[in-house]
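Number of protein chains: 4
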Amino acid sequence: MYQFQCDYSEGAHPRIMQRLMETNLEQTVGYGMDEYCEQAREAVKKAVGCEDADVHFLVGGTQANATVISSVLRPYQGVICAATGHINVHETGAIEHSGHKVLALPAEKGLLKAAQIRQAMEEHLAEDGPEHTVQPGMVYISFSSEVGTVYSLEQLKEISAVCREYGLPLFIDGARMGYGLAAEGGDVRLEDIASLADVFYLGGTKQGALFGEAVVIVNDALKKDFRYNIKQNGGMLAKGRLLGIQFLTLFEDGLYFELSQHAVSLAMKIRDAFRAKGFAFLVDSPTNQQFPILDNETMERLSKDFRFSVWQKMDAGHTAVRFCTSWATRPEAVDALISAL
Amino acid sequence: MYQFQCDYSEGAHPRIMQRLMETNLEQTVGYGMDEYCEQAREAVKKAVGCEDADVHFLVGGTQANATVISSVLRPYQGVICAATGHINVHETGAIEHSGHKVLALPAEKGLLKAAQIRQAMEEHLAEDGPEHTVQPGMVYISFSSEVGTVYSLEQLKEISAVCREYGLPLFIDGARMGYGLAAEGGDVRLEDIASLADVFYLGGTKQGALFGEAVVIVNDALKKDFRYNIKQNGGMLAKGRLLGIQFLTLFEDGLYFELSQHAVSLAMKIRDAFRAKGFAFLVDSPTNQQFPILDNETMERLSKDFRFSVWQKMDAGHTAVRFCTSWATRPEAVDALISAL
Amino acid sequence: MYQFQCDYSEGAHPRIMQRLMETNLEQTVGYGMDEYCEQAREAVKKAVGCEDADVHFLVGGTQANATVISSVLRPYQGVICAATGHINVHETGAIEHSGHKVLALPAEKGLLKAAQIRQAMEEHLAEDGPEHTVQPGMVYISFSSEVGTVYSLEQLKEISAVCREYGLPLFIDGARMGYGLAAEGGDVRLEDIASLADVFYLGGTKQGALFGEAVVIVNDALKKDFRYNIKQNGGMLAKGRLLGIQFLTLFEDGLYFELSQHAVSLAMKIRDAFRAKGFAFLVDSPTNQQFPILDNETMERLSKDFRFSVWQKMDAGHTAVRFCTSWATRPEAVDALISAL
Amino acid sequence: MYQFQCDYSEGAHPRIMQRLMETNLEQTVGYGMDEYCEQAREAVKKAVGCEDADVHFLVGGTQANATVISSVLRPYQGVICAATGHINVHETGAIEHSGHKVLALPAEKGLLKAAQIRQAMEEHLAEDGPEHTVQPGMVYISFSSEVGTVYSLEQLKEISAVCREYGLPLFIDGARMGYGLAAEGGDVRLEDIASLADVFYLGGTKQGALFGEAVVIVNDALKKDFRYNIKQNGGMLAKGRLLGIQFLTLFEDGLYFELSQHAVSLAMKIRDAFRAKGFAFLVDSPTNQQFPILDNETMERLSKDFRFSVWQKMDAGHTAVRFCTSWATRPEAVDALISAL
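Residue numbers (our numbering), protein chains in the order written: chain A, 1 to 341; chain B, 342 to 682; chain C, 683 to 1023; chain D, 1024 to 1364.
There may be inaccurate statements among the hints.
Far from chain C, some chain D residues (derived; all Cβ distances over 12 angstroms) [as the list claims (entries may be wrong)]:
(1) LYS1068
(2) TYR1099
(3) GLU1114
(4) GLY1116
(5) ILE1118
(6) LYS1124
(7) VAL1125
(8) HIS1341
(9) SER1362
Below, simulated DSSO-like cross-link-like pairs (lysine-lysine); rule was C-alpha separation at most 27 angstroms, straight line [as the list claims (entries may be wrong)]:
(10) D:LYS1247 to B:LYS564
(11) C:LYS839 to C:LYS951
(12) A:LYS109 to A:LYS157
(13) D:LYS1246 to B:LYS565
(14) A:LYS223 to C:LYS905
(15) C:LYS906 to A:LYS224
(16) A:LYS223 to A:LYS157
(17) A:LYS304 to A:LYS269
(18) D:LYS1136 to C:LYS995
(19) C:LYS906 to C:LYS959
(20) A:LYS223 to C:LYS906
(21) A:LYS224 to C:LYS791
(22) D:LYS1247 to B:LYS565
(23) D:LYS1246 to C:LYS795
(24) A:LYS313 to B:LYS454
(25) A:LYS113 to B:LYS654
(26) D:LYS1246 to B:LYS564
(27) C:LYS959 to C:LYS791
(28) C:LYS951 to C:LYS791
(29) A:LYS45 to A:LYS224
Which stretches of chain A does chain C cover? Using the computed rule of at least three CB atoms under 8 angstroms from a CB of chain C, they are [as the list claims (entries may be wrong)]:
(30) 222-229
(31) 273-286
None of these hints come from the bench; they were simulated from the model.
For glycine and all other residues, C-beta sits at the position ideal for the given N, C-alpha and C.
With the hints as extra help, turn the sequences into a complete structure.
This is the structure in structure tokens:
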């Protein structure tokens, strides 16, 4: 059975496991104040090209999103988000649990447009009594998005410009940041993310680590006391070095980018194979998630040897499914899938 | 200048003011435990035809909505609501502030359909890992709705039946309950509300009182410790008798219903006058809110002598506006408006 | 039966009732944007001697406390408070409900000391890993306190100075502000409150109004978007003019201070009478609340004709009770009490 | 340098690391639904002697506490806790962040007494208007406590009996459960915990795992939908098997108890050595945390070769410090410490 149903099926890249083994009995201080975390923070700052950034390591994505968003917003503010955004649909209302409305806007292919953000702000400001409605307080986008798409550099610049015009901090969910940066035809570099966002994170869980997300705070105004927020939200790992060691391994010499490239190039092979066979796609994705629309017969046949996610019923005879590659996907698995097609 | 822009422009019905004056220097215990509140609770229970109900008096609608909803839901649950619902758009995220997502469904003419509720539940239950999404925990509807429409008895029965099938308490926001019950062509009685809902409230603020909403809890499972919720949410009025006196006056001999009838019959006159002149309406409302679509010239002309709300820009030359009547609207004001047309 | 059990047994001062009657059928805009509120805000600003202050009218004290405190604090911050403080013991955890810890310090006679605030801050800052503990984010005191005591001007200055040294906004709960300012032997004026606090409120509920608290924000940094907070917390009264009319009447010509003086002078008579008879007191109060310690026999005898609150069981034979006077207390009632003694 | 400052300085027990290595490239489903988690749940249930229990694996202690407590309480309820309890002092107000007051009671040696719980409930119920105060809704105790002490079986039974009498679920924080069960002279077994508590957790972080706490829900009424709470609180680990593998290793053949025994027996050696030299202790602890009171000279001398925590300044010349042992402490380190004494 070959598994393509998600990008977190395995443990961690062997170099990470090796490092964890080697350091296992070392004694360090806790809560992210150890030497490995310090080195990892430096490696991340170098990778994003921003020496002044604050870097914090959290365990998971929902935790990272809730911690960042609740630290930025005032009580009466909400976060603008694509309707397909992870915080809007797949985090059991963690943002609302922290007291804030997710201001979901209709999204085409998982992406927000700068003009939508402007319109939302203008509509709020035009209210007769804006205080009766939730004030937009920040913008959340995902890169790559929940359906595998990416913003172009131009689109990101427009979004960032509108956010700055209205004083809305821009937060980029990077659970799949590496895969987004490795997108076929993409023109966004990590340095662009760091210069256009106010805060973002680099996902580890889906990108080669056992777990972990590296939150990077670029905007000085958002840095103060962030560790209090982490602790209060239950995200301060006692043995913080586990996060430091993982992110140090991923970022000290480019492993993060290699692994991302690996996953995306295999995904492109899968895409091309489905395309060649005439299958349509739910959305045209240049990253590690592919959403071909299968007829029932093909779906049944493939499901004997391959595990994939059912995404969306299209009609009685067709279903959009998701094939994910990851840092751990073996080329043989992809070859087997292509042969089966 | 004649005012039609909302239904809370004046103070209270003169009989209420008279009663407040007469009792002003009486000494009573606080927090709703006085004799007037006790009598008012009895009067409300009699009016709704449910002796076993618990009745609580709160000051305002946003407060009543947040207190009821947060008392019903478990932390991970959300409230199903029409996208036009007051809690979704005009309460500054008070529900989210209490930790819960508003699960907004598209609404036609301000009304939810039973089938939508069923679909939302079925979609949630069909999730592969429903715990990653907010669990629908109750249903909120408004009667009359935010755009003046009302459910038929048949529609309410269907909604109630679906709610009971799925174990979802049904909460009816009755900020304009009286106007809804007096709807032209409506077939819903207050007793129906009490037998089909699990909890609802009878609005006072827009219906003849200075302020106040009477929350009626019908479902035994929702009654426990409700006063703690009121206090914690800042809704326990020290001089609770002010609420008791008002609701006693409104309900002891049917004043509430008379005032509602008064407002609706004047609104029908306004509706007929606009119709006769060929104006279209944003929505066909049988209650005290009317939403004619005015051309720019008419809008400008009428705004010289009449105050009304701008509701929605339709196109460059037309705007939907709102004319409200209330318990306090004078027939002369309506006549003047009709003449002006 | 003469009532002394609390200071909110009656309605409102007759001049307020008169004004409410006169204006009852006037049509105004809602939510505190009317002319009466505007005039009342001016009158309050004049009374507190601070033209730049922002003034907002809320309905009740718990609501005012929760709205102010949650608008000031960051999510990981708590509010320093005397253990006897109203927010710590009698608001059903409304502050915690808004997400914040009440950092209760032991209080002598209901009062905090500047040195305690300094110590709490120093202990927090001295933590090895302060982010594991709640950060003190503001200070809450009551004037007069929950047991009738008041700070001297010197004490208030010291508290204010420590707060400013550590960047802690100082919030004064003035549910009984007038009675505190009228304290026998007190040296604090309302202008002092306004210059030493960052935000405070002037209680109406216990001081002559039907209901209402006037929040005065002196510190510019705390003013932004406060109306959003009011609305989200369910505190924005639709017919806001009811609050405007009441506070205008109380403050336009000094009625607030007259009524406070009335209550305190009657309380001093009660105190003197108990003293003369040799009764001890739970605390020495110079304001409208008096806490004599009664033997069982006296308690039983007095309770036949007078209603008062049981405060604290001292031993098998003695109980501290509370006698409250208010703006509405009649001198005859006090005379009757003194005779009965 | 020998480290005794905490019990989470190292990684994980070598058998856990070995198992993680061996399974690293296996593909499993996520979120705790994999085979390892299933086996680990069975092993835990067998160890606690309760087949009907629900077992959930969370990442850390603060997260586990906040998730359990907020899932149990109604909005207006608080949790009774020793003033020294971890949730009261070292979790940055995570419980308050979830909306609930920590009802801290004075604790002798870190332990609550049954009589204190009874008194707190009786005082609440005796209130004239209990709804103005926070309703106690559950009880939280730690085993072993934050200062190393443990309850006797008799004490636990009394606490449990009072809790059941008043309908208060009893929650036992077992971050150091193993060390508590291994207490010298202790008479509590894990089966007792499971029969006396309603919900508890078995700490992994301080007891041999990289991270992780196993929440065991015994009371059926608390089981429903707990996974939603985990997800909403950011505690659902994507690669849940990491937790399953660790707890399976700890519980399948008693490793958890062996490691606990190891740590406690070394701690007893340390205790005996300090005692023999005449040092007093802050508290008499039979578990892995020891709190000798050092004179300045000794403190300085020891700190050259040993790392330990400064706990509490006693007077100008003396300080209580903490020496922790753990599953990873080497006997040579303890010998070196004893020699140095």
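Cross-check of the supplied hints:
no. : hint                  : verdict
1   : LYS1068               : 33 angstroms, holds
2   : TYR1099               : 5 angstroms, violated
3   : GLU1114               : 7 angstroms, violated
4   : GLY1116               : 4 angstroms, violated
5   : ILE1118               : 8 angstroms, violated
6   : LYS1124               : 4 angstroms, violated
7   : VAL1125               : 7 angstroms, violated
8   : HIS1341               : 18 angstroms, holds
9   : SER1362               : 28 angstroms, holds
10  : D:LYS1247 to B:LYS564 : 21 angstroms, holds
11  : C:LYS839 to C:LYS951  : 30 angstroms, violated
12  : A:LYS109 to A:LYS157  : 18 angstroms, holds
13  : D:LYS1246 to B:LYS565 : 21 angstroms, holds
14  : A:LYS223 to C:LYS905  : 23 angstroms, holds
15  : C:LYS906 to A:LYS224  : 20 angstroms, holds
16  : A:LYS223 to A:LYS157  : 23 angstroms, holds
17  : A:LYS304 to A:LYS269  : 21 angstroms, holds
18  : D:LYS1136 to C:LYS995 : 23 angstroms, holds
19  : C:LYS906 to C:LYS959  : 54 angstroms, violated
20  : A:LYS223 to C:LYS906  : 21 angstroms, holds
21  : A:LYS224 to C:LYS791  : 37 angstroms, violated
22  : D:LYS1247 to B:LYS565 : 20 angstroms, holds
23  : D:LYS1246 to C:LYS795 : 46 angstroms, violated
24  : A:LYS313 to B:LYS454  : 23 angstroms, holds
25  : A:LYS113 to B:LYS654  : 23 angstroms, holds
26  : D:LYS1246 to B:LYS564 : 23 angstroms, holds
27  : C:LYS959 to C:LYS791  : 23 angstroms, holds
28  : C:LYS951 to C:LYS791  : 21 angstroms, holds
29  : A:LYS45 to A:LYS224   : 18 angstroms, holds
30  : 222-229               : holds (count 4)
31  : 273-286               : violated (count 0)
Hint check: violations occur at hints 2, 3, 4, 5, 6, 7, 11, 19, 21, 23, 31; the rest are consistent with the structure.
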